[in-house]
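Student: Once you have looked at the hints, place chain B on chain A.
2 protein chains.
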Amino acid sequence: MKKLMNEPNAVVDEMIEGYAAAYARHVKVLPQNKRAVVCAGGARPGKVGVVIGGGSGHEPAFMGLIGRGFADGAPVGNVFASPPPAPILEVTRAVNGGAGVIYMYGNYAGDCMNFDMAAELAAMEHIRVETVLVTDDVASAPPSQAHRRRGIAGGFLVFKAAGAAAERGYGLEDVVRVARKTNDAIRTMGVALTPCAVPQTGKPSFVLGEDEMEIGLGIHGEPGVERGKLRTADEVADALLERILADMPVESGDRVAVLINGLGSTPQMELFIVYRRVAQRLAELGAHIHRSFVGEYVTSLEMGGCSVSVLKLDDELAELVDDPADTPMYAQHREGKEG
Amino acid sequence: MKKLMNEPNAVVDEMIEGYAAAYARHVKVLPQNKRAVVCAGGARPGKVGVVIGGGSGHEPAFMGLIGRGFADGAPVGNVFASPPPAPILEVTRAVNGGAGVIYMYGNYAGDCMNFDMAAELAAMEHIRVETVLVTDDVASAPPSQAHRRRGIAGGFLVFKAAGAAAERGYGLEDVVRVARKTNDAIRTMGVALTPCAVPQTGKPSFVLGEDEMEIGLGIHGEPGVERGKLRTADEVADALLERILADMPVESGDRVAVLINGLGSTPQMELFIVYRRVAQRLAELGAHIHRSFVGEYVTSLEMGGCSVSVLKLDDELAELVDDPADTPMYAQHREGKEG
Numbered sequence: 001m002k003k004l005m006n007e008p009n010a011v012v013d014e015m016i017e018g019y020a021a022a023y024a025r026h027v028k029v030l031p032q033n034k035r036a037v038v039c040a041g042g043a044r045p046g047k048v049g050v051v052i053g054g055g056s057g058h059e060p061a062f063m064g065l066i067g068r069g070f071a072d073g074a075p076v077g078n079v080f081a082s083p084p085p086a087p088i089l090e091v092t093r094a095v096n097g098g099a100g101v102i103y104m105y106g107n108y109a110g111d112c113m114n115f116d117m118a119a120e121l122a123a124m125e126h127i128r129v130e131t132v133l134v135t136d137d138v139a140s141a142p143p144s145q146a147h148r149r150r151g152i153a154g155g156f157l158v159f160k161a162a163g164a165a166a167e168r169g170y171g172l173e174d175v176v177r178v179a180r181k182t183n184d185a186i187r188t189m190g191v192a193l194t195p196c197a198v199p200q201t202g203k204p205s206f207v208l209g210e211d212e213m214e215i216g217l218g219i220h221g222e223p224g225v226e227r228g229k230l231r232t233a234d235e236v237a238d239a240l241l242e243r244i245l246a247d248m249p250v251e252s253g254d255r256v257a258v259l260i261n262g263l264g265s266t267p268q269m270e271l272f273i274v275y276r277r278v279a280q281r282l283a284e285l286g287a288h289i290h291r292s293f294v295g296e297y298v299t300s301l302e303m304g305g306c307s308v309s310v311l312k313l314d315d316e317l318a319e320l321v322d323d324p325a326d327t328p329m330y331a332q333h334r335e336g337k338e339g
Numbered sequence: 001m002k003k004l005m006n007e008p009n010a011v012v013d014e015m016i017e018g019y020a021a022a023y024a025r026h027v028k029v030l031p032q033n034k035r036a037v038v039c040a041g042g043a044r045p046g047k048v049g050v051v052i053g054g055g056s057g058h059e060p061a062f063m064g065l066i067g068r069g070f071a072d073g074a075p076v077g078n079v080f081a082s083p084p085p086a087p088i089l090e091v092t093r094a095v096n097g098g099a100g101v102i103y104m105y106g107n108y109a110g111d112c113m114n115f116d117m118a119a120e121l122a123a124m125e126h127i128r129v130e131t132v133l134v135t136d137d138v139a140s141a142p143p144s145q146a147h148r149r150r151g152i153a154g155g156f157l158v159f160k161a162a163g164a165a166a167e168r169g170y171g172l173e174d175v176v177r178v179a180r181k182t183n184d185a186i187r188t189m190g191v192a193l194t195p196c197a198v199p200q201t202g203k204p205s206f207v208l209g210e211d212e213m214e215i216g217l218g219i220h221g222e223p224g225v226e227r228g229k230l231r232t233a234d235e236v237a238d239a240l241l242e243r244i245l246a247d248m249p250v251e252s253g254d255r256v257a258v259l260i261n262g263l264g265s266t267p268q269m270e271l272f273i274v275y276r277r278v279a280q281r282l283a284e285l286g287a288h289i290h291r292s293f294v295g296e297y298v299t300s301l302e303m304g305g306c307s308v309s310v311l312k313l314d315d316e317l318a319e320l321v322d323d324p325a326d327t328p329m330y331a332q333h334r335e336g337k338e339g
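Heads up: the sequence lines are chains A and B, in that order. Counting from 1, position 60 in the first sequence corresponds to residue 60 in our numbering; the numbering is continuous, with no gaps. Counting from 1, position 192 in the second sequence corresponds to residue 192 in our numbering; the numbering is continuous, with no gaps.
Keep in mind that the hints were calculated from the coordinates and are not lab data. Treat the hints with care, since some could be wrong.
Claimed, not checked - Listed next, the in silico BS3-like pairs over lysine-lysine satisfying Cα-Cα at most 25 Å (straight line):
1. A:Lys47 with A:Lys28
2. B:Lys2 with B:Lys28
3. B:Lys203 with A:Lys2
4. B:Lys203 with A:Lys203
Chain A on its own, in the form it takes in the complex (with noise of 0.2 Å):
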């Protein structure tokens, strides 16, 4: 597959190089470390610390994301590849404002490793650090094994919620109750039409007929539930809605957030047609979609298809859905402030 980039093993240095130079008000590449991104600003005294995470290639996550009301840092790994623990380190050091950090990112078994490790060595250094996995895909494991679930485009709002509490100022252990509140009430699932390339094979990474499509296939081509013959878009929202409702009961009188999120070559046009059906649907139930998102959050390089989340609300995670955020690749005003 056809690319845009120097050396395949340069793709992630050479990204971040331009992202940090392209964003230089919102973001800076720490010196001692060029896989460690950060807010411009430093670390806010008094503030908790919000870290992401995670492999390249799931742009603008994770370190599109740094900014007010959101990320404070972002360590880098190589593409689908967790980063090793030293620039989590240096994130880690660098974002914390003696209120502690957060971690967040997908449960995968090499970010889990890493993450842990560089948390044991801020530990060292009396940076108290708390973690909270997202796993959002239902399509990953069972119900009863909901805590073994893969993170993939829900990590979104979990970031978005507890960016928006830390923003607020809560304490340590209120940005980790908002995060694991917000992972526990969201649900996503995933439809793949075609594949993507890592740079350094430019091999498909999957392999599906001219007229096929897989559901619940992850964000780097693990396998998913079911393999069949591309339907209507409205056919495909329903199989995509139907699990998640399967998995959590959405009733009449249910506030939610829903995100369509394209997975990288899927035009917009068809993420508003799935939503269409998404919310058509929702509205069928009784329940009320206060705050959508239709774009490209969490991608896999050039994938084609999308997920579809949805986030059950309480007052306080509708409050800190809205919150404004102000990063290179989202951003959200206060509503009814000037534009």
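Tutor: Quick look at chain B alone, frame taken from chain A:
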């Protein structure tokens, strides 16, 4: 090519339905015409109405850019086809706050014909309309015929500057002056790697070999100026920038805005790698990059590739480009204000 859609002929209407449902805080569809999308708050008395538009398939352009500090309304055409006069006229009426209306769109024959007809109809209702065509695509005509050039991604910055001017309360003549000045000071060059397919046919819009790229190919598949083997990202960035600079020299001390626009399926990672090189080259020339935009602004469904735009700024344009904006698909905060 695979698409998440229902009836191919319904994609535009269903997209608009989904979009308006997802972003009802920002936009509404006029009941009298389902292709007329305007800001939720309606016309603002005394403010110049800003209308942008064109065919679908370029999302987030155009309707994704409706909101404070940007456009007031967008008539929506079929995929890669101009909207007819009716939705243009309805949008014009709806955003007219008594201070006149500016039309801005890319220079394509169909758009010119339909927007001009709508402007004549609006004039009969005593609504003053002025038009500024976007002509930023260096590849589409030689310098001596610059007014015949097509409009591509640079339109985003023309709309941004003029939208900010209207938001500041500039009169119609000044908003038009800003739009013309921005268009005169911006140049864009694109490169395509892979085609898109319009939903009605499902056929690729052009054919390129597995190792080929085409420089200057238009956002509807119009022929480019140079087809050849895919080169490294730095070489591609150099080739695009050299054509821009040959047309509009940038000198030491110049202030510029840079826009790297993804055409649809190109990962953000690659856009930042291209940005990195463009920024290096401009720095070597002694230019100062005042603000950068990297992402998808004017797409061509799932086309692969990107474009580079350079806008030369004076004090006025620098301020207008910096002004806050709040639209569903693009938001920008006021510097120094809370997040």
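Student: For each hint, tell me whether it holds in the structure or not.
Tutor: Hint-by-hint comparison with the structure:
no., hint, result
1, A:Lys47 with A:Lys28, "19 Å, holds"
2, B:Lys2 with B:Lys28, "30 Å, violated"
3, B:Lys203 with A:Lys2, "19 Å, holds"
4, B:Lys203 with A:Lys203, "24 Å, holds"
Of the hints listed earlier, the one the structure fails to meet is number 2.
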